[in-house]
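A.B. asks: Position 59 (the sequence shown) corresponds to 59 in the UniProt record's numbering; numbering is contiguous.
Everything labelled a hint here was simulated from the structure, so no lab data went into it.
All residues carry an ideal CB built from backbone N, CA and C; glycine is no exception.
Any given hint could turn out to be false.
Pair ranges (Cβ atoms, derived) [said to hold, decoys possible]:
{"no.": "1", "residue 1": "158", "residue 2": "187", "range": "37 to 43 Å"}
{"no.": "2", "residue 1": "215", "residue 2": "83", "range": "26 to 32 Å"}
{"no.": "3", "residue 1": "50", "residue 2": "183", "range": "20 to 26 Å"}
{"no.": "4", "residue 1": "159", "residue 2": "84", "range": "24 to 30 Å"}
{"no.": "5", "residue 1": "61", "residue 2": "211", "range": "51 to 57 Å"}
List of simulated lysine to aspartate or glutamate pairs, DMTMM-like, C-alpha gap at most 20 Å [said to hold, decoys possible]:
{"no.": "6", "residue 1": "203", "residue 2": "149"}
{"no.": "7", "residue 1": "66", "residue 2": "114"}
{"no.": "8", "residue 1": "211", "residue 2": "165"}
{"no.": "9", "residue 1": "203", "residue 2": "94"}
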Amino acid sequence: MVVIHKIEKRPRGRPQVRCDDDTRNLIVEAANAQFHESGYAAVSISAIAQNAGVSTKTLYRLFPTKADLFACMISARIGRFLLAVDPAGHINDDLGVGLEHVLIAYGMLTLSDDTIGIMRLVIGESDRFPELAASFYERAIVRTNTLMEAWLREQVERGRIKLDDPHAASGMLRGMMVMEPQRAAMLRQKSAPNVEEIVARAKMCADLFLKGCAI
Numbered sequence: 001m002v003v004i005h006k007i008e009k010r011p012r013g014r015p016q017v018r019c020d021d022d023t024r025n026l027i028v029e030a031a032n033a034q035f036h037e038s039g040y041a042a043v044s045i046s047a048i049a050q051n052a053g054v055s056t057k058t059l060y061r062l063f064p065t066k067a068d069l070f071a072c073m074i075s076a077r078i079g080r081f082l083l084a085v086d087p088a089g090h091i092n093d094d095l096g097v098g099l100e101h102v103l104i105a106y107g108m109l110t111l112s113d114d115t116i117g118i119m120r121l122v123i124g125e126s127d128r129f130p131e132l133a134a135s136f137y138e139r140a141i142v143r144t145n146t147l148m149e150a151w152l153r154e155q156v157e158r159g160r161i162k163l164d165d166p167h168a169a170s171g172m173l174r175g176m177m178v179m180e181p182q183r184a185a186m187l188r189q190k191s192a193p194n195v196e197e198i199v200a201r202a203k204m205c206a207d208l209f210l211k212g213c214a215i
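Produce the complete structure using the sequences and hints provided.
C.D. replies: Rendered as structure tokens:
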């Protein structure tokens, strides 16, 4: 008996290439490592391209300037925070549980070693590169505050809490959650808090805040 083996033909033409979104993600990951290692001024675009496995031509096509690359890196980080919070998905949560959820996500974002390293970089190089501070402020601080403010306004409109100024209250809430541990970590006086410490702090902050604005 003769057994005929079917030979699978390979498709002709060039191998399938990555889409631009996947390539951007690879570049942003490589850039994050390089910014932490070398700083903003000294970072090598060619090294980022090499570590991402792309050509410098491709990198410049997707990110025309170093500032564009840094801004995209910040936006990607904040985008993950926005997805983690997802206010619409927790709209019917218990008030305390909902606020804890928001604060835990915010703490995981802002108290990570990676974010603290970025903040050191921004502060250390913002005099020479003011666009760093502007980008970080608009894409990180303003966007996170806007989301938390929107959550607070939603609770006010639903009659669950009372606040005269949700915008100011959002800033105070963010400061209560992260200011002290973040400052200690940035100055290298303490390690960044772990997950259990972030969760415990979020519960305490939520309780204190809600007692202050209870109806």
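A.B. asks: All hints are to be evaluated individually against the structure, with a verdict given for each.
C.D. replies: Quick rundown of the hints versus the structure:
1. 158 <-> 187: 37 to 43 Å: holds, 40 Å
2. 215 <-> 83: 26 to 32 Å: holds, 31 Å
3. 50 <-> 183: 20 to 26 Å: Since residue 50 and residue 183 have Cβ atoms about 36 Å apart, the given range 20 to 26 Å is violated.
4. 159 <-> 84: 24 to 30 Å: holds, 27 Å
5. 61 <-> 211: 51 to 57 Å: Given range 51 to 57 Å: holds, Cβ gap about 53 Å.
6. 203 <-> 149: holds, 19 Å
7. 66 <-> 114: Holds - the C-alpha atoms of residue 114 and residue 66 are around 19 Å apart, at most 20 Å.
8. 211 <-> 165: holds, 16 Å
9. 203 <-> 94: Holds, at about 13 Å.
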